[in-house]
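Engineer: These protein sequence lines are chains B and G, in that order. For the first sequence, position 257 matches number 257 in my numbering, and the numbering has no gaps at all. For the second sequence, position 46 matches number 46 in my numbering, and the numbering has no gaps at all.
Derived by calculation from the structure, the hints in this document are not laboratory data. One or more hints might be untrue.
[What the hints assert, rightly or not] Chain B regions said to be covered by chain G (calculated; three or more residues, Cβ under 8 angstroms):
id, stretch
1, 87-97
2, 101-110
3, 251-263
[Unchecked claim] Residues on chain B that point at chain G, a partial pick, calculated with CB under 10 angstroms:
id, residue
4, P12
5, P153
6, V155
7, L170
8, L178
9, D181
10, E184
11, K227
12, L229
13, Y230
14, W300
15, C308
16, P309
[What the hints assert, rightly or not] So the derived label-pair ranges between C-beta atoms look like this:
id, chain 1, residue 1, chain 2, residue 2, range
17, B, R177, G, N88, 17 to 27 angstroms
18, B, P25, G, G93, 53 to 63 angstroms
19, B, Q210, G, A68, 20 to 30 angstroms
20, G, N88, B, G327, 18 to 28 angstroms
21, G, A26, B, E169, 31 to 41 angstroms
22, G, E84, B, G151, 26 to 36 angstroms
23, B, A42, G, A60, 53 to 63 angstroms
24, B, A337, G, T5, 19 to 29 angstroms
25, G, A60, B, E166, 39 to 49 angstroms
26, G, W20, B, Y130, 26 to 36 angstroms
27, G, R64, B, P25, 53 to 63 angstroms
A quick note: this is a predicted structure, and the numbers were derived from the prediction, not measured. Backbone N, C-alpha and C fix where the C-beta goes; we use that ideal spot for every residue, glycine too.
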Amino acid sequence: MKAGSAPFKVSPPLWLLAELTYACPLQCPYCSNPLAFARYRAELDTASWLRVLREARALGACQLGFSGGEPLTRSDLEVLIAEARRLGYYSNLITSGIGMDARRVAALRNAGLDHIQISFQASEPVLNDYLAGTQAFAHKLEMARQVKANGFPMVLCFVIHRHNIEQIELFCELASRLGADYVELANTQYHGWAWLNRQALLPSRAQLEQAEATAHRCQQRYASSMKILYVVADYFEQRPKACVNGWGSVFLDIAPDGTALPCHSAAELPGLSFPNVRNASLAEIWRDSAAFNRFRGFDWMREPCRSCPEKHKDFGGCRCQAYLLTGDPSNADPVCAKSPEHQRVVAFASAAGNTPARPIRFRNNRNSRIYHSVPERSASEHDPSIG
Amino acid sequence: MTALTAQTIVRLTPTYRLQWEQMQDAYVLLYPDGMVTLNATAGEILARCDGVHSVAEIIADLQRLYPAADAATQLTADVLEFMEVARNEGWLGTV
């Protein structure tokens with residue numbers, strides 16, 4: 001490489017997220033998958049995924065997430081897990097629990113999987129199965145028991161929004177009864193389907209304040225038995241999150257069709273052409289591709305980020321959020337109070353509790369075909385509250 | 001939790017995995033959705049917490065690795081201090 005052509009030292013991708021498939025038996029309306037998931041047909045085959053695992057490990061990746069969609073729909077999951085174990089990854093399965101039974105949980109253990117995270121939509125079957133769009137709750141309970149019976153560390157994940165935000169205490173009780181080691185109380189991140197459904201899902205500020213207080217109380221109460229992680233609702237914050245710890249810094253996502261992404265929402269950004277593992281090695285993709293270098297480091301920043309003393313801490317926030325809320329991914333994440341567009345976020349967030357809930361648009365093939373042809377920003381053009 | 005003594009036998013909590021990472025030139029501690037890159041001494045200490053050897057034996061072994069360190073005072077204090085931190089983090093348990 002020529003002297004001066006590397007403005008920023010490229011660090012190794014420590015985290016690999018393998019989104020094995022967009023197929024999923026659930027229809028959660030806050031899904032982070034692209035609206036157009038129904039358009040993706042050609043999933044990578046087993047041999048290609050094995051190559052991805054080997055190449056990413058050689059670059060330094062050691063945390064590996066198998067995700068989707070529902071990764072259990074891939075019948076080669078155990079093959080991939082076995083190779084991951086052999087290569088020295090710590091492998092995490094991020095699942096709804098649908099698609100496994102007691103035998104498969106044991107098979108995953110034998111293949112060398114390290115940890116299973118099961119998502120719940122609510123603390124009881126009626127709301128859970130409504131949000132999931134299918135009967136799932138009873139099976140999730142049974143699978144959580146199997147996960148523990150097989151000696152896995154278990155994370156239970158609850159995505160929070162206005163329809164279940166008052167169940168925080170019940171989530172923690174449920175997790176404790178099931179013997180969870182970690183609980184993730186994650187406020188919805190408004191990308192993909194969650195962005196489409198944001199007016200149906202955003203909680204009010206009062207709901208959030210109460211939820212946060214409850215979460216902190218539960219953290220104390222269960223301190224000796226499980227770790228509770230509360231992920232804030234960043235529309236209501238003053239500073240942005242350090243999204244993926246900086247673009248192209250530690251996180252590498254491979255979509256089901258082999259597209260390599262710096263975060264799982266990045267495909268929604270305009271003007272970027274993301275490389276595909278079918279055409280290039282991961283080393284070329286990670287180090288040299290235009291897309292992975294586009295927002296790497298600090299040179300791309302505009303004001304107020306460029307001169308901000310906190311830029312090393314939050315890297316300007318989330319590029320996808322900057323795009324969705326300001327129309328330009330090079331802008332500061334408007335969650336930041338220093339952003340000139342911050343007032344839009346405040347107005348939108350404070351209106352949330354006062355507007356009647358919109359109908360929920362479930363994540364399924366039919367809706368994906370309806371909404372996929374509409375660019376994501378113009379899908380919301382007529383929402384007066386976002387202006 | 002009672003304080004650690006020279007006779008205590010400690011081991012890594014089974015839900016954590018300690019691993020040498022060539023690319024990072026360091027030991028890392030891996031757990032669900034998380035990773036801690038350890039500094040050199042922390043890594044060497046945790047690598048010896050095997051559920052078999054006592055704290056005193058681990059310190060004696062580290063003394064061979066760091067011959068300049070003063071076993072009687074500084075090394076013992078440093079190891080015990082780190083082990084207490086690791087126990088509070090949930091990385092270490094006693095046997």
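Engineer: Evaluate each hint against the coordinates.
Structural biologist: Hints and how they fare:
{"no.": "1", "hint": "87-97", "result": "holds (count 3)"}
{"no.": "2", "hint": "101-110", "result": "violated (count 0)"}
{"no.": "3", "hint": "251-263", "result": "violated (count 0)"}
{"no.": "4", "hint": "P12", "result": "5 angstroms, holds"}
{"no.": "5", "hint": "P153", "result": "4 angstroms, holds"}
{"no.": "6", "hint": "V155", "result": "5 angstroms, holds"}
{"no.": "7", "hint": "L170", "result": "22 angstroms, violated"}
{"no.": "8", "hint": "L178", "result": "15 angstroms, violated"}
{"no.": "9", "hint": "D181", "result": "6 angstroms, holds"}
{"no.": "10", "hint": "E184", "result": "8 angstroms, holds"}
{"no.": "11", "hint": "K227", "result": "8 angstroms, holds"}
{"no.": "12", "hint": "L229", "result": "9 angstroms, holds"}
{"no.": "13", "hint": "Y230", "result": "15 angstroms, violated"}
{"no.": "14", "hint": "W300", "result": "26 angstroms, violated"}
{"no.": "15", "hint": "C308", "result": "27 angstroms, violated"}
{"no.": "16", "hint": "P309", "result": "25 angstroms, violated"}
{"no.": "17", "hint": "R177/B <-> N88/G: 17 to 27 angstroms", "result": "26 angstroms, holds"}
{"no.": "18", "hint": "P25/B <-> G93/G: 53 to 63 angstroms", "result": "39 angstroms, violated"}
{"no.": "19", "hint": "Q210/B <-> A68/G: 20 to 30 angstroms", "result": "56 angstroms, violated"}
{"no.": "20", "hint": "N88/G <-> G327/B: 18 to 28 angstroms", "result": "47 angstroms, violated"}
{"no.": "21", "hint": "A26/G <-> E169/B: 31 to 41 angstroms", "result": "40 angstroms, holds"}
{"no.": "22", "hint": "E84/G <-> G151/B: 26 to 36 angstroms", "result": "27 angstroms, holds"}
{"no.": "23", "hint": "A42/B <-> A60/G: 53 to 63 angstroms", "result": "59 angstroms, holds"}
{"no.": "24", "hint": "A337/B <-> T5/G: 19 to 29 angstroms", "result": "51 angstroms, violated"}
{"no.": "25", "hint": "A60/G <-> E166/B: 39 to 49 angstroms", "result": "56 angstroms, violated"}
{"no.": "26", "hint": "W20/G <-> Y130/B: 26 to 36 angstroms", "result": "48 angstroms, violated"}
{"no.": "27", "hint": "R64/G <-> P25/B: 53 to 63 angstroms", "result": "57 angstroms, holds"}
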